[in-house]
Amino acid sequence: MSNKLDSKFGQYGGMYVPELLIPALDQLEQAFIDAQNDPEFQKEFIGLLKDYAGRPTPLTKVRNIVSNPLVTLYLKREDLLHGGAHKTNQVLGQALLTKRMGKTHVIAETGAGQHGTATALACALLGLKARIYMGAKDVERQAPNVFRMRLMGAEVIPVNAGSGTLKDAVNEALRDWSGTYENAHYLLGTAAGPHPFPTIVREFHRMIGEEVREQIIQKEGRLPDSIVACVGGGSNAIGIFADFIDDEQVQLIGVEPAGKGVNTSEHGAAIAKGSSGVLHGAHTYIMQDDDGQIEESYSVSAGLDYPAVGPQHAHLHDIGRAQYVSVTDDEALDAFQLLACKEGIIPALESSHALAHALKMAEAADKETIIVVNLSGRGDKDLDHVNRILKEKGAL
Amino acid sequence: MSNINRYAALFEKLANNNEGAFVPFVMLGDPDLETSYKIICTLVDNGADALELGFPYSDPIADGPTIQKASIRALSHHFKTADSFAVIARVRAKYPDVAIGLLLYSNLVFRRGIETFYAEAKQAGVDSILLADVPLREGTPFRTAAEANGIKQILIAPPNANDEDLAAIAKQTQGYTYLLGRAGVTGAEATATTPVHEMVMRLKQNNAAPAVIGFGISTPEHVKAAISAGADGAIAGSATVNIIEKYLDDVPAMLQALGEFVSVMKAATR
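Heads up: the sequence lines are chains S and G, in that order. Following the numbering used here, the numbering of the first sequence begins with 1 at its first residue and continues without gaps. Following the numbering used here, the numbering of the second sequence begins with 1 at its first residue and continues without gaps.
For the record, the hints were derived by calculation from the structure and aren't laboratory data. Mixed in with the good hints there might be a few duds.
As the list claims (entries may be wrong) - Distance ranges between label pairs, derived from CB positions:
#1 G/Asn162 with S/Gly54: 39 to 49 Å
#2 G/Asn162 with S/Asp6: 43 to 53 Å
#3 S/Tyr52 with G/Asn162: 48 to 58 Å
#4 G/Gln256 with S/Lys4: 52 to 62 Å
#5 S/Ser2 with G/Asp250: 22 to 32 Å
#6 S/Leu125 with G/Gln256: 50 to 60 Å
#7 G/Val251 with S/Arg321: 26 to 36 Å
#8 G/Ser76 with S/Lys342: 40 to 50 Å
#9 S/Asp51 with G/Glu221: 32 to 42 Å
#10 S/Lys4 with G/Asp250: 48 to 58 Å
#11 S/Asp380 with G/Asn162: 18 to 28 Å
#12 S/Glu140 with G/His77: 51 to 61 Å
#13 G/Val251 with S/Gly179: 46 to 56 Å
#14 S/Lys43 with G/Ile72: 46 to 56 Å
What the hints assert, rightly or not - Lysine to aspartate or glutamate pairs mimicking EDC-like chemistry, simulated, CA-CA at most 16 Å apart:
#15 S/Lys4 with S/Asp26
#16 G/Lys80 with S/Glu140
#17 G/Lys80 with S/Asp290
#18 G/Lys80 with S/Asp26
Given the structure is predicted, the values throughout are model-derived calculations rather than measurements. The beta carbon of each residue, even a glycine, is placed where N, CA and C say it ideally should be.
Sequences and hints are given; from them, build the entire structure.
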């Protein structure tokens with residue numbers, strides 16, 4: 001059998017998984033195609049996005065953090081979505097697909113706990129049983145999110161294998177799925193992994209960009225010059241990019257985590273410093289040694305701490321349609337504080353990376369420029385962490 | 001470099017003797033390079049019909065805890081792909097007739113370059129390669145390199161494959177067919193559940209290469225049951241590696257236990 005949808009983005013993507021998982025991925029692809037053509041499914045999905053999750057999210061023009069008068073900076077407020085981040089969009093879509101396939105259980109991985117939280121809430125709402133794999137280190141670091149997931153009825157399973165972080169949680173979720181696919185759906189949390197996940201996740205986040213288009217035309221009468229989004233696996237970025245890929249005049253910029261610097265060993269910039277290879281079922285840019293062993297990534301932001309990137313980003317990079325830059329921990333922390341202090345919005349550390357780069361662009365602009373930043377999540381989950389870092393630095 | 005077909009010779013000999021193949025799997029470099037070589041020699045000396053050798057990998061998504069730990073042990077000594085090939089070359093020099101198969105993950109092949117990897121494998125004396133995370137539909141570049149280098153490309157036949165996929169797998173697998181004993185990941189804890197007879201019949205109808213069953217094979221009874229249900233052989237991975245793990249502090253005892261294990265598993269194929 002072959003795929004019904006294109007499984008590749010240029011040379012990237014594909015389905016590098018055990019043969020055993022192919023029937024489950026084919027079933028998912030078919031369910032997704034059917035659902036996209038089913039008005040009833042669309043009605044339920046859109047209804048949940050609007051009345052349960054709170055879409056559309058606002059597009060907020062910042063008042064105080066941009067000093068260059070030539071620049072107008074907007075924030076796409078995914079931080080205001082139920083669950084606290086964009087993640088809720090696609091989780092609702094995949095949870096509905098789970099029910100459509102007649103499956104009763106959901107497997108998910110989570111790093112910081114945002115995708116796990118979104119999965120737990122969707123499963124609570126739709127009557128699905130969720131088991132969520134989370135690196136043992138992350139379980140310790142993200143106690144409030146672990147409690148949230150458990151409160152909403154999900155089982156959280158700590159993963160001790162490997163580095164005990166997101167990468168290992170994905171491995172464990174894939175292992176679980178290869179024995180349970182008959183009644184369980186693997187609800188992958190980002191635009192990575194084997195086909196059809198990168199396509200499904202993009203399409204279920206596509207409304208972010210579609211709303212931006214409508215909102216910016218209403219406010220400015222034209223499309224933005226640049227759209228900036230952070231990239232770990234790359235789901236919020238592909239969600240806001242997707243509707244603009246054909247508008248060549250709109251610059252698309254993905255911001256990877258530079259951690260302590262891309263020239264140190266502690267970063268997560270898979271496109272900037274990685275090379276092509278296979279991880280978690282997809283051919284893409286990954287961080288690896290000279291034999292192909294996967295290297296540990298690092299970022300102050302757990303949601304960007306992943307040693308690969310979604311395959312469509314790898315392709316958009318290679319064909320030059322999107323530019324990928326990187327921002328360090330310190331730059332992201334500065335942007336985090338600035339937005340809190342000057343605009344009264346506490347962003348997620350992930351989204352702070354995108355904001356930090358947009359602020360650099362704003363400063364450098366020498367003509368009228370409209371920039372949209374995808375403020376993909378809110379920073380409540382990061383408060384303890386940032387508090388600790390700022391105390392250590394003597395900044396508080 | 002010879003182009004003899006060791007699998008064909010093996011299965012012909014076994015058929016003439018009316019017995020099945022017993023194929024142990026171990027991880028190269030586990031627990032260290034020198035012990036790994038001794039382990040492999042012990043397996044052959046005690047009756048292994050062929051070898052299935054793993055390359056340690058950081059993210060083995062098809063493996064349960066036992067094989068994962070074997071990878072970690074090997075990698076903790078900075079065991080490299082070049083070391084894997086070096087051990088294989090020594091084994092090949094000592095045992096010119098035993099069929100040697102590799103079971104590994106695609107990124108190790110991508111990183112070296114597909115053509116380079118297969119050429120190096122051939123040079124070291126490898127007969128077959130099975131990539132755990134390359135399904136039939138991603139297989140073309142690997143199959144091309146395998147054919148160019150005279151290496152058999154082994155495919156997995158999973159119990160849930162539809163007729164169309166199973167026919168394609170049967171047509172394209174070479175040397176033998178890796179029949180999956182059950183869903184899930186590698187491990188000795190859960191016993192094989194695949195209706196072996198039915199799967200073997202489906203494969204035979206499609207003229208597939210001999211069916212060797214793996215996943216969940218840990219006792220002589222499992223081997224007996226697989227052979228009497230029509231399989232041409234059985235692979236034991238986690239059960240073999242469990243013995244290595246059990247005797248990490250006592251290599252002579254490890255080798256003795258491995259030797260005894262292989263003897264009884266092989267005896268069960270007769």
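Tested hints:
{"no.": "1", "hint": "G/Asn162 with S/Gly54: 39 to 49 Å", "in the structure": "holds, 42 Å"}
{"no.": "2", "hint": "G/Asn162 with S/Asp6: 43 to 53 Å", "in the structure": "violated, 22 Å"}
{"no.": "3", "hint": "S/Tyr52 with G/Asn162: 48 to 58 Å", "in the structure": "violated, 37 Å"}
{"no.": "4", "hint": "G/Gln256 with S/Lys4: 52 to 62 Å", "in the structure": "holds, 55 Å"}
{"no.": "5", "hint": "S/Ser2 with G/Asp250: 22 to 32 Å", "in the structure": "violated, 52 Å"}
{"no.": "6", "hint": "S/Leu125 with G/Gln256: 50 to 60 Å", "in the structure": "holds, 58 Å"}
{"no.": "7", "hint": "G/Val251 with S/Arg321: 26 to 36 Å", "in the structure": "violated, 57 Å"}
{"no.": "8", "hint": "G/Ser76 with S/Lys342: 40 to 50 Å", "in the structure": "holds, 49 Å"}
{"no.": "9", "hint": "S/Asp51 with G/Glu221: 32 to 42 Å", "in the structure": "violated, 58 Å"}
{"no.": "10", "hint": "S/Lys4 with G/Asp250: 48 to 58 Å", "in the structure": "holds, 55 Å"}
{"no.": "11", "hint": "S/Asp380 with G/Asn162: 18 to 28 Å", "in the structure": "violated, 47 Å"}
{"no.": "12", "hint": "S/Glu140 with G/His77: 51 to 61 Å", "in the structure": "violated, 29 Å"}
{"no.": "13", "hint": "G/Val251 with S/Gly179: 46 to 56 Å", "in the structure": "violated, 34 Å"}
{"no.": "14", "hint": "S/Lys43 with G/Ile72: 46 to 56 Å", "in the structure": "holds, 49 Å"}
{"no.": "15", "hint": "S/Lys4 with S/Asp26", "in the structure": "holds, 9 Å"}
{"no.": "16", "hint": "G/Lys80 with S/Glu140", "in the structure": "violated, 33 Å"}
{"no.": "17", "hint": "G/Lys80 with S/Asp290", "in the structure": "holds, 9 Å"}
{"no.": "18", "hint": "G/Lys80 with S/Asp26", "in the structure": "violated, 36 Å"}
When each numbered hint is compared with the structure, violations occur for hints 2, 3, 5, 7, 9, 11, 12, 13, 16, 18.
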